[in-house]
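Q: Hints are included, so try docking the two chains, each in its own frame, into the full complex.
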Amino acid sequence: MKKFNKTLRNVVVSFATLILVWQLVYSCCHYSPALFPSPASAGSALVETFQNGVMTRNIATSLARFAVGYVAAVVLAVALGLVLGLTPRVFQFVNPIVQLLRPISPMAWAPFIVLWFGIGDVPAIVVVFIAAFFPVLLSTVAAVVNIDPIYFRVSRNFGVRQPKLLWKVVLPAAFPQIANGIHLALGTAWVFLAAGEMNGVQSGLGYMIVDARNTFRTDVLLATIVVIGVLGLALDGAIRLAERIALKGWGGVEE
Amino acid sequence: MNYIELSHATKTFKKADGTRFAAFEDVSFGIERGEFVCVLGPSGCGKSALLNAIAGFSLVTSGSVKIGGEEVKEPSPKRVMIFQNYGLLPWRTVLKNVELGLEERKIPKEERRAIAEKYVEIVGLSAFKDERPRRLSGGMQQRVSIARALAVDPEVVFMDEPFAALDAITRMKLQDDVLKLSREEKKTVVFVTHDVGEAVYLADRILILSPNPGRLKSVVNVTIGREFRDRSSADFFQLQKQVFELFEGKATENPVEYYI
Ligand SMILES: Nc1ncnc2c1ncn2[C@@H]1O[C@H](COP(=O)(O)OP(=O)(O)OP(=O)(O)O)[C@@H](O)[C@H]1O
Ligand SMILES: [Mg+2]
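Just so you know, the sequences run in chain order A and B. Under my numbering, the first residue of the first sequence carries the number 1, and numbering increases by one thereafter. Under my numbering, the first residue of the second sequence carries the number 1, and numbering increases by one thereafter.
Hints in this document: simulated from the structure, not taken from any laboratory. Bear in mind that the values here come from a model prediction, so they are computed numbers and not experimental data. Check the hints yourself; a few may be wrong.
[As the list claims (entries may be wrong)] Computed cross-link-like contacts, BS3-like style, restricted to lysine-lysine with a CA-CA straight-line distance of at most 25 Å:
#1 A:K164 - A:K248
#2 B:K186 - B:K66
#3 B:K109 - A:K168
#4 A:K164 - B:K106
#5 B:K186 - B:K118
#6 A:K164 - B:K129
#7 A:K164 - B:K180
#8 A:K164 - B:K96
#9 A:K168 - B:K118
#10 B:K109 - A:K164
#11 B:K106 - B:K118
#12 A:K168 - B:K129
#13 B:K73 - A:K164
#14 B:K96 - A:K248
#15 B:K78 - A:K168
#16 A:K248 - A:K168
#17 A:K248 - B:K73
#18 B:K106 - B:K78
#19 A:K168 - B:K96
#20 B:K180 - B:K118
#21 B:K78 - B:K66
[Said to hold, decoys possible] Simulated restraints on C-beta separations:
#22 A:Q92 - B:A114: 45 to 51 Å
#23 B:D130 - A:L8: 33 to 39 Å
#24 B:K180 - A:K248: 36 to 42 Å
#25 A:F4 - B:M172: 44 to 50 Å
#26 B:R135 - A:F4: 23 to 29 Å
#27 B:E110 - A:V230: 48 to 54 Å
#28 A:S105 - B:R135: 41 to 47 Å
#29 B:G138 - A:P163: 43 to 49 Å
All C-beta atoms in this analysis are idealised placements derived from N, C-alpha and C, irrespective of residue type, glycine included.
Here chain B stands alone, though its shape is the one from the complex (with noise of 0.2 Å):
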């Protein structure tokens, strides 16, 4: 049984001239609990409609979708969305940002600070923990929510092309700190993205959709470890190219596995 299972998960919307139309549809796959999976796709295949339904933010119309045997309902705190454009309360400083979560619990207040002081800690931000968001690059914003997601000890994280706005060095550096966290703090991670090489170096396994409606076209098991990859060599190209071509490929009627 996996821990999260979607099963012929559908969603559609209304259209302003009232027909309906499908963002995504039978969509059927399993998780397993600290696996890291990349969604990849092109723009508008339903790529955020799926990772919204997954974490409650706006439910399929039809199918299931379930994690840990329950039917998803509504968002919670077990499992925190990370969103492109950061999600940070511009009012709140670095520190009471990372605190958010954490108020919620009914956990002394010196307590919450010292949880919240060991994320900022965590993602190299201590000397800018009583900054406001704003004063912050997009790439240290982008760090402060991923340090307030991770202060509420989540059991799954959902990211919704992160760092899609990131310039590339920024964006690899951060790559490499989500590897690293997501296996230090056993975190299944669901990661959308639509950039190839991304998913390639991040994923245990990468879901591929193809877009109108979007539809799992294939999935790809990445059998290099996650602590081997490097990003320059050969094996990281072909490994590339080969996912690209999928990416590229044309549907099939169901989705095809693969192991590379």
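In isolation and in its complexed conformation, chain A is listed as follows (with noise of 0.2 Å):
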């Protein structure tokens, strides 16, 4: 509780901060409102955006994006890296192409992903989907490539065989390598949901960064901003709690 307590004030202390320099700069500088809008406007578009449900509708529709997106990119990321992980062999052939995949920000797939995937909701899944996925494949591969023999020739000499290996040794062997892999793709894959909503779609936290450029709206622009940067914040905590709750489901492995 004490050490809540303290991280609150930290919190508070470094936002009040960072609003008053903004008011301070933006009470001397005089620039133009449209170009740098106040705390206070900002403030006050997004409480107007939140009253005519503008902001709680795509916040719900870029959240439910991200869900399918993240999730899929995830559960389909931990097979194929198990699979792999246990295949060396095969991993070595795929290595190659991971690996000059990866670098390519999803972004600079947009093009093909509007024009393969059409507009609306799929090409922001599809950016979040590439962003997560490679993280995680090779966190997973590299989770139980790690993994300590030792585990592998206890359950032989016990007679436990595949596929009941699998979820018996592999996946919690691996555990807790693949949950913080998970974990730092959210936030990867949180970056890129802005970015890919800005294509092809007509809702949504991105396409309201976009919308509001075009009208002039710098407060609500601004405002969507702080929503996103909030947001990813949220989901970030969220998912160290899960991650730090399963860990010690798990076993705990550090105390």
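A: Encoded structure:
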């Protein structure tokens, strides 16, 4: 509880300072409010977009797309990663392709994605999927490859065979490292969600940014940016908590 | 006919430079059912390689290893290995670790649990049955691994320097426990160690290996009964000294057999 209070204090101080500096810059530099909105106008834009339901609707849309893309990526990447981790002979051929694809920004695929998947929810989902897929895949493969061989010897000795070996030994043994990969991929995927929604859709937080720009509503633009940041933080906190609970159930890695 | 029979067993590995090199060579000996055999030798003389070959983890490259008349081709739950670093699954509780081998048998869940509880009790860890292994000391973890091995009622128990990582007091306590359990449960035990005192205390027979490549140098039949070994007695020191001299001594062409 004491630790929590301290964290809360730090957060409050840090944000208060940020808003203060922002207000100071706004007050003394006399930029046009259309180019540089004040904290107050961004705040009222935030209230306005929540009150008229635009923000709430777009948050719901974005979160739904994010959930679909991210969960699909995690499930597929973990499944494929387990298989590739257990078959190093196959992985040595797959790895060069993965290494080639991984550094390409998901946004680079955006034109193709729109061409192939049309407009609507799918392009944003695909961008999130690509962003989350490779980190989870590679951390899963690494997790499986790094499993202490003694677990395999012990289970072989006691007659544990595939497919039981997979869920009795491979998955639990690799779990902490996989969980870490899933956690890290969440942040990456969230970064790309807004970008993914700037093409081929008429809804979502990314679209709100494009729309605010087109209508010169920099206050709404800034309000949306704040919402994206806060949601990203909240998602990270949620998965961090989930990871901690899961690791505790698993047997605990850190004291 | 011996229960475990090695004849001209040799294990070679390919080295990084492509040449072959023998971890152990032309090893022949037999072990009777219920015997407690210690394999003694300096580090790197192929003790672990030999044990792994008998247990079926890494087969001999020539010669043969037979258990109960059959060539060993793979590990089996009838022959359980206990490792120096315990080999417990950290995500399972003590009880679930002990249940591991039992899960592969077609026995009802309650019965499985009952058997596991019994062996956890035998090694004195009932109070810790729901803990994860990392909460336990090294000695306690090794007890769990012993309970897990005994729970599947194996015919042979292999132990590869199981107590090397433990402090002296814990080691002595566990030696007593293993001695008692192997007798009560009537197991054949093949126990690898590089500690002369440990071998003399535990074994019915000691196989002494010499290094480069690992060869069977001498076989010591310990004639004083296992029940009456007193670590502080003069006899025991004398025995230890004799074995130590054999251990240090030069290798001969054929293994020499001693009775002490
Ligand atoms: N899988 C392997 N591949 C190549 N060489 C190996 C392998 N396993 C063991 N060796 C070699 O075989 C020799 C014997 O090794 P082994 O582990 O059996 O010795 P040891 O008597 O058990 O030693 P220690 O007391 O240190 O455990 C060593 O030189 C080792 O490097
Ligand atoms: Mg060894």
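Q: Of the numbered hints stated earlier in the document, which are not met by this structure?
A: Checked against the structure, the hints that fail are numbers 7, 17 and 29, while the rest are satisfied.
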